[in-house]
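Visitor: First to last, the protein sequences are chains L and A.
Reminder that position 76 of the first sequence reads as 76 in UniProt numbering, one-by-one numbering, no gaps.
Reminder that position 110 of the second sequence reads as 110 in UniProt numbering, one-by-one numbering, no gaps.
No lab work stands behind these hints, which were simulated from the structure alone.
No residue lacks a Cβ here, since even glycine has one placed at the ideal position from N, Cα and C.
Certain hints may be false.
To give an idea of the interface, some chain A residues facing chain L are shown, with a C-beta separation under 8 Å as derived from the structure [to be verified]:
(1) 64
(2) 85
(3) 143
(4) 193
Derived list of chain A stretches under chain L, where covered just means 3 residues or more per stretch with a C-beta under 8 Å from a C-beta of chain L [said to hold, decoys possible]:
(5) 42-55
(6) 91-105
(7) 153-165
(8) 216-222
(9) 234-248
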Amino acid sequence: MGIYLPIAEISVNMVVLLAMGGAVGFLSGMFGVGGGFLITPLLIFYNVPPAIAVATGANQVIASSFSGALAHFRRGSLDVKLGLMLLAGGVVGSSAGIYVFAFLRRLGQLDLIVSLLYVVFLGAVGGLMLVESVRAIRRARSGQPATARPGQHNWIHRLPLKMRFRTSKLFVSVIPVLGIGAMIGFLASIMGVGGGFIMVPALIYLLRVPTNVVVGTSLFQIIFVAAFTTIVHSTANQTVDVVLAFLLMVGGVAGAQYGARVGQKLRGEQLRALLALLVLAVALRLAYDLFVRPASVYSLVIGGV
Amino acid sequence: MRQARVAPLLLLAMLSFTERATAQLTDSTPESIEIGLSTDTIYITSDFAGANLTIFGALDNADPLISRQGGYDVIVVLEGPRRTVVVRKKTRVLGMWINTDSMAFQDVPASYSVAMTRPPQDITHSESYERLALRAQNIHLRPMDTDGNPASIEEFTAALRERMQSSELYSELVGGVQFLSRSLFRATLHLAPNVPVGTHRARAFLFRNGIFVKETSAALNIRKAGVEQRIYEFAHQESLIYGVLSVLLAMLTGWLGRLVFRRD
Numbered sequence: 001m002g003i004y005l006p007i008a009e010i011s012v013n014m015v016v017l018l019a020m021g022g023a024v025g026f027l028s029g030m031f032g033v034g035g036g037f038l039i040t041p042l043l044i045f046y047n048v049p050p051a052i053a054v055a056t057g058a059n060q061v062i063a064s065s066f067s068g069a070l071a072h073f074r075r076g077s078l079d080v081k082l083g084l085m086l087l088a089g090g091v092v093g094s095s096a097g098i099y100v101f102a103f104l105r106r107l108g109q110l111d112l113i114v115s116l117l118y119v120v121f122l123g124a125v126g127g128l129m130l131v132e133s134v135r136a137i138r139r140a141r142s143g144q145p146a147t148a149r150p151g152q153h154n155w156i157h158r159l160p161l162k163m164r165f166r167t168s169k170l171f172v173s174v175i176p177v178l179g180i181g182a183m184i185g186f187l188a189s190i191m192g193v194g195g196g197f198i199m200v201p202a203l204i205y206l207l208r209v210p211t212n213v214v215v216g217t218s219l220f221q222i223i224f225v226a227a228f229t230t231i232v233h234s235t236a237n238q239t240v241d242v243v244l245a246f247l248l249m250v251g252g253v254a255g256a257q258y259g260a261r262v263g264q265k266l267r268g269e270q271l272r273a274l275l276a277l278l279v280l281a282v283a284l285r286l287a288y289d290l291f292v293r294p295a296s297v298y299s300l301v302i303g304g305v
Numbered sequence: 001m002r003q004a005r006v007a008p009l010l011l012l013a014m015l016s017f018t019e020r021a022t023a024q025l026t027d028s029t030p031e032s033i034e035i036g037l038s039t040d041t042i043y044i045t046s047d048f049a050g051a052n053l054t055i056f057g058a059l060d061n062a063d064p065l066i067s068r069q070g071g072y073d074v075i076v077v078l079e080g081p082r083r084t085v086v087v088r089k090k091t092r093v094l095g096m097w098i099n100t101d102s103m104a105f106q107d108v109p110a111s112y113s114v115a116m117t118r119p120p121q122d123i124t125h126s127e128s129y130e131r132l133a134l135r136a137q138n139i140h141l142r143p144m145d146t147d148g149n150p151a152s153i154e155e156f157t158a159a160l161r162e163r164m165q166s167s168e169l170y171s172e173l174v175g176g177v178q179f180l181s182r183s184l185f186r187a188t189l190h191l192a193p194n195v196p197v198g199t200h201r202a203r204a205f206l207f208r209n210g211i212f213v214k215e216t217s218a219a220l221n222i223r224k225a226g227v228e229q230r231i232y233e234f235a236h237q238e239s240l241i242y243g244v245l246s247v248l249l250a251m252l253t254g255w256l257g258r259l260v261f262r263r264d
């Protein structure tokens, strides 16, 4: 079933888009990531122009994160206070990121920097998480009591300006919270993603937030970052295709509900190991494009009159 | 596939032409060619997935003897609106494939679809195609910066044609033009799903025994239909409101989706 996209100006298969949205939504609900780092490469692979894929991906992420965050809010696994503090940092970071984005585009190597950032961050985050979670799974198998929170206190927990986050059972300084928010906002606006795949491990490993609360809180924060990105892209570049986004959303929200349910059934370390594998797979896929000779070394950019 | 409907009335008019043409056996006036489009605008609606465009045409003053021997050939071209195209080239730097070189071309037809009666080499010779700038390999391509190195201009020009062909924007269909009678013909051209919107030009070329005789052309607008056009205009004119509405739509979908698909 074909459908014509008014902004992308191409005709695409509706069923493919619904399925794509559903699959990404499922993973997004399960792991608490917005899915931007999956949907954007998938759209580009499906011949949607990259600028439209980035902006529309951000728009679709809002729907699945909103739906997922609602599910977590009802279940009490969403720390609104922590989410708002992360967001405060995030707004500052995203604003800075947009300037850097414009600067890189003037240099003419934006695509390369974005790809490299993806490979480096996804590779590092995925690799670290995989190692840690496999260790945790081994520990659990060998009968040792699994520690509720990996590690105990580190230097982060000795910083001043402490604040209590009840839902996360956390008493921690606001400095690292704002800092993580800002760093993720910065990367998110350059890479065109919500930043969940960095947020989730950062909250788990740096702040020691319990895994089940991390997912809901991350989704909550992503809603706002993605909304900000969508509006900026729409006003600056007119690259948000609302028809394309809507199709992805419909598939995505359905998938997210099933994903959230499956995610609740898995143990924390299993969830982390699976997310690590997914993140590594995307990193490898992008590295492959960067290092293996493309089918054609030439590409066309068809512009205006 | 949707058939763009063309010219039932013109067909009748052309049939009468034909009779007149065959009546004049000893004819000294040269042949000419006419094409007709029933509409000057094709609208792309939401279910558009490419289309076949049919164009009817007729030869005027056709020599019946040459007709009978199959000496007439017709090539019909649908040329898309002219755009600026940048060709980028990747090379290997530190093991990575990076865009290192690019060249911009102006007034490049954004699409170029050809239909012909027989295989191109049977119609006329390659010099003749070159002279007429006919077929994808003979379109004049002008780089923005004309003082560039000739070897690299040639390389990028070839790459531009090759990329356009592989994305089906430049295509050729042998047998796409068929004679329905001695002088009446029908051309079928494929509009790709990613056909560019704008003013296209349909051109018909007549050949007699391998010699180019005459060319004619007609304009065709390809536009987005009502809703698609309105979304596009809204996104460009009221981009802030459009962005905010996209965000609200996403939240509404997320909320409704949760109501419908709730699993807890």
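Visitor: Now tell me, hint by hint, if it's right for this structure.
Guide: Here is how each hint holds up against the structure:
1. 64: 44 Å, violated
2. 85: Holds - the Cβ of residue 85 of chain A comes within 8 Å of chain L, reaching about 5 Å at its closest.
3. 143: 14 Å, violated
4. 193: 4 Å, holds
5. 42-55: Coverage by chain L holds for the stretch 42-55 of chain A (7 residues, Cβ < 8 Å).
6. 91-105: Since 7 is at least three, the answer is holds.
7. 153-165: Held - the stretch 153-165 of chain A has 6 residues with a Cβ nearer than 8 Å to chain L, which meets the minimum of three.
8. 216-222: violated (count 0)
9. 234-248: Three-residue rule met by the stretch 234-248 of chain A, so holds; n is 10.
Comparing the model with each earlier hint shows violations of hints 1, 3, 8; every other hint is respected.
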